[in-house]
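K.L.:
For reference, the chains in residue letters:
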Amino acid sequence: MKVLKKLYKQIFFLLLLLLFAGHSFSQSGSDLRINEVLMDNDSNYVDDFGQRSAWIEIFNTAYNNVNIAGMYLTDDPKNPTKYLIPKGDPVTVIPQRNYIVFFADNHTTRGILHLNFDMKNSNYVALYDVNGRTLIDEINLVRQIPDISYGRLNDGSEFWGKLDKTTPKASNYTGKIVTAGEEFVKMDPYGLGMAMIAMSVVFIALMLLYLVFKNTRRLYTLDLKNLFTKEKIMIDINENQDITGEVNAAISMALYLYRSELHDHEETVLTIKKVARTYSPWSSKIYGLRNPHR
Amino acid sequence: MENSGTYLTFIAEHLNQFFSYTSFANFTFGHLIMICVGLAFIYLAIAKEYEPLLLVPIGFGILVGNIAFTPGFQIGIYESGSVLNYLYFGVLQGVYPPLIFLGIGAMTDFSALISNPKLMLVGAAAQLGIFGAYAIALFLGFSPSEAGAIGIIGGADGPTAIFLASKLAPDLLGAIAISAYSYMALVPVIQPPVMRLLTTNKERLIRMKPPRAVSKTEKIMFPIIGLLLTAFIVPSGLSLLGMLFFGNLLKESTVTKRLADTAKGPLIDIVTIIIGLTVGASTQATTFLTAKSVGIFALGAASFVIATFGGVMFVKFLNLFLKEGNKMNPLIGNAGVSAVPDSARVSQIIGLQYDKTNHLLMHAMGPNVAGVIGSAVAAGILLGFLA
Numbered sequence: 001m002k003v004l005k006k007l008y009k010q011i012f013f014l015l016l017l018l019l020f021a022g023h024s025f026s027q028s029g030s031d032l033r034i035n036e037v038l039m040d041n042d043s044n045y046v047d048d049f050g051q052r053s054a055w056i057e058i059f060n061t062a063y064n065n066v067n068i069a070g071m072y073l074t075d076d077p078k079n080p081t082k083y084l085i086p087k088g089d090p091v092t093v094i095p096q097r098n099y100i101v102f103f104a105d106n107h108t109t110r111g112i113l114h115l116n117f118d119m120k121n122s123n124y125v126a127l128y129d130v131n132g133r134t135l136i137d138e139i140n141l142v143r144q145i146p147d148i149s150y151g152r153l154n155d156g157s158e159f160w161g162k163l164d165k166t167t168p169k170a171s172n173y174t175g176k177i178v179t180a181g182e183e184f185v186k187m188d189p190y191g192l193g194m195a196m197i198a199m200s201v202v203f204i205a206l207m208l209l210y211l212v213f214k215n216t217r218r219l220y221t222l223d224l225k226n227l228f229t230k231e232k233i234m235i236d237i238n239e240n241q242d243i244t245g246e247v248n249a250a251i252s253m254a255l256y257l258y259r260s261e262l263h264d265h266e267e268t269v270l271t272i273k274k275v276a277r278t279y280s281p282w283s284s285k286i287y288g289l290r291n292p293h294r
Numbered sequence: 001m002e003n004s005g006t007y008l009t010f011i012a013e014h015l016n017q018f019f020s021y022t023s024f025a026n027f028t029f030g031h032l033i034m035i036c037v038g039l040a041f042i043y044l045a046i047a048k049e050y051e052p053l054l055l056v057p058i059g060f061g062i063l064v065g066n067i068a069f070t071p072g073f074q075i076g077i078y079e080s081g082s083v084l085n086y087l088y089f090g091v092l093q094g095v096y097p098p099l100i101f102l103g104i105g106a107m108t109d110f111s112a113l114i115s116n117p118k119l120m121l122v123g124a125a126a127q128l129g130i131f132g133a134y135a136i137a138l139f140l141g142f143s144p145s146e147a148g149a150i151g152i153i154g155g156a157d158g159p160t161a162i163f164l165a166s167k168l169a170p171d172l173l174g175a176i177a178i179s180a181y182s183y184m185a186l187v188p189v190i191q192p193p194v195m196r197l198l199t200t201n202k203e204r205l206i207r208m209k210p211p212r213a214v215s216k217t218e219k220i221m222f223p224i225i226g227l228l229l230t231a232f233i234v235p236s237g238l239s240l241l242g243m244l245f246f247g248n249l250l251k252e253s254t255v256t257k258r259l260a261d262t263a264k265g266p267l268i269d270i271v272t273i274i275i276g277l278t279v280g281a282s283t284q285a286t287t288f289l290t291a292k293s294v295g296i297f298a299l300g301a302a303s304f305v306i307a308t309f310g311g312v313m314f315v316k317f318l319n320l321f322l323k324e325g326n327k328m329n330p331l332i333g334n335a336g337v338s339a340v341p342d343s344a345r346v347s348q349i350i351g352l353q354y355d356k357t358n359h360l361l362m363h364a365m366g367p368n369v370a371g372v373i374g375s376a377v378a379a380g381i382l383l384g385f386l387a
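The listed protein sequences derive, respectively, from chains A and B.
In terms of the numbering used here, the first sequence opens at residue 1 and continues consecutively.
In terms of the numbering used here, the second sequence opens at residue 1 and continues consecutively.
The hints are simulated quantities; they were obtained by calculation from the structure and are not laboratory data.
Please note: incorrect hints may appear among the correct ones.
Using C-beta positions, here's what the derived DEER-type ranges look like [said to hold, decoys possible]:
#: 1; chain 1: B; residue 1: Ala12; chain 2: A; residue 2: Asn65; range: 19 to 29 angstroms
#: 2; chain 1: B; residue 1: Ala291; chain 2: A; residue 2: Leu192; range: 18 to 28 angstroms
#: 3; chain 1: B; residue 1: Phe89; chain 2: A; residue 2: Lys87; range: 47 to 57 angstroms
#: 4; chain 1: B; residue 1: Lys209; chain 2: A; residue 2: Tyr256; range: 41 to 51 angstroms
Derived DSS-like pairs (lysine-lysine); straight-line CA-CA distance at most 27 angstroms [to be verified]:
#: 5; chain 1: A; residue 1: Lys214; chain 2: B; residue 2: Lys292
#: 6; chain 1: B; residue 1: Lys316; chain 2: A; residue 2: Lys186
#: 7; chain 1: A; residue 1: Lys214; chain 2: B; residue 2: Lys323
#: 8; chain 1: B; residue 1: Lys209; chain 2: B; residue 2: Lys292
From chain B, some residues computed to sit far from chain A (all C-beta separations above 10 angstroms) [stated by the list, open to error]:
#: 9; residue: Ser115
#: 10; residue: Gly132
#: 11; residue: Pro188
#: 12; residue: Arg207
#: 13; residue: Asn319
No residue lacks a Cβ here, since even glycine has one placed at the ideal position from N, Cα and C.
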């Protein structure tokens, strides 16, 4: 019984561990990140009006669309609500894992993607949530070399640096992308590692189920009050109450026959059952369409 | 006279144009081969009763998909905006397989597994076919994602195969699905020789203890604990595992009978019709008949053989540690490949051939349903590693 008690405790703590292990990710405005900034644009990205100006790229790290409308962009830490991103324009919806670029040209008449500041006198950019108080992301920059942008080395990652190429509305990582599968095969060209790891995981998953259900009857008949007390006498009440499937099948068959057999004694005896016809106005002849008007 | 000549030319031109739109003008040898395959499926389903619920829709779908046509009229399954393309969306995006799993969950009785949890390990061992086929596919030059998608055929689970192929190798989806369902139907042909080869006469006669009765509480606990344990380990298999266990809870709770009846009745029937027809139609000869498809069929057969080998040999291995009287009949090992309930039926039939009173069906159902869980877990692993 001591062993059993220990096992229950282990399972209990394992489940607790599983519950609190790791962390979850929400998918909302807080998933937006300032991804890349170009402060001095001499011969770089041109806006729809053929003009070059500083620009700020925002990246949606979530796997669903996020609408940036109603949020605020600013280059002044003391004025978080400097530029309200207007609502009602479809361009403010950023698709999953996608980008939006704002031009810091102080020309708001050119559309909602053109900000009311130009970053000539500021090295700071911040994105605030719709309440104007919750900071979503901010970055303090150093004055850059013209046409060299500063951004996250991988989209949405923690690490910032000078980027080899400016990549407005595109991934900041410009090297060769190797898929997880290709990387795996480089290390495991014959698939043996995959077979061993994957089979182990399948076994662990089903082994856990096996361990739980090996003890399941004891688990659900467990007296929790006595589990953590010193004096305890556990009686396995079910130990001698096993009923085999064959006995169950016989009982079920007997019950089935008892319920479904309509005969009183045997097949040669006629049983008369009363059949009642229930009344419904839908079938009543007096409401028929062919009755003459009165 | 001149007018009538012009008129005849006009009619001839239009008749010619009409002919160019007919299937006869666009028909190729590939279409003929695929139509023959479709007819063979229908024959096997109706005459031999091999998985008729799957092979009839798929076989007819192959006929539908291989009626040749002029592209551009939104007819074919691969043409955006066509009706078949809309229906195929659920296959490509992996919508249908979880719905089928919901129904499977609602119609599966896990009692055999709960009463003898050792059988879960047999279900795990039979997943060897997946990773065996994966390794061979890599060796043959398939890309890692393609190899993963092909390997899952060895899970002998159509919805899982479609789900994983739609994520890892959508281009091969048709071939993988057809291969998976074909070999599932051919389980009674593929498995017996492997089972006989790997077992001795003495082993085939082993009698197993009758399964104990399983309480309602245990049955209710199973889907809940099963989901938590498996999905915590492989969250990428959540849509399949979640639906499977949810369906089972609907059944076992007994308070949601209407929902369970819908899931295991009309819902699964509707989805099976659509998935079968569209998967069949996706085998359009122009896109389907390639060397890769032939390779996938060969690998599919290999994966079933390896999976059967894994299951049977694992039971023999377990028997080394089990006391006399608790030993398991290795003939139930093949059922670990899932292919519910055909592979369990094979265990029963082969078992009866050697001892007319030794019924293995109930015992084989344990690894059989464990195989469903195992293949969903394996799919989650492949998705996590290769996507």
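K.L.:
Now look at each hint and say whether the structure bears it out.
P.N.:
Status of the hints after comparison with the structure:
1. B:Ala12 <-> A:Asn65: 19 to 29 angstroms: For Asn65 (chain A) against Ala12 (chain B), whose Cβ atoms are near 55 angstroms apart, the range 19 to 29 angstroms is violated.
2. B:Ala291 <-> A:Leu192: 18 to 28 angstroms: Cβ of Ala291 (chain B) to Cβ of Leu192 (chain A): about 26 angstroms, so the range 18 to 28 angstroms holds.
3. B:Phe89 <-> A:Lys87: 47 to 57 angstroms: Given about 32 angstroms between the Cβ atoms, the range is violated.
4. B:Lys209 <-> A:Tyr256: 41 to 51 angstroms: violated, 25 angstroms
5. A:Lys214 <-> B:Lys292: violated, 45 angstroms
6. B:Lys316 <-> A:Lys186: It is violated: about 35 angstroms lies between the C-alpha atoms, which goes past 27 angstroms.
7. A:Lys214 <-> B:Lys323: Given pair Lys214 (chain A), Lys323 (chain B) holds - Cα atoms ~17 angstroms apart, limit 27 angstroms.
8. B:Lys209 <-> B:Lys292: violated, 46 angstroms
9. Ser115: violated, 8 angstroms
10. Gly132: violated, 7 angstroms
11. Pro188: Holds: least Cβ distance 25 angstroms, greater than 10 angstroms.
12. Arg207: holds, 13 angstroms
13. Asn319: holds, 17 angstroms
The earlier numbered hints that this structure contradicts are 1, 3, 4, 5, 6, 8, 9 and 10.
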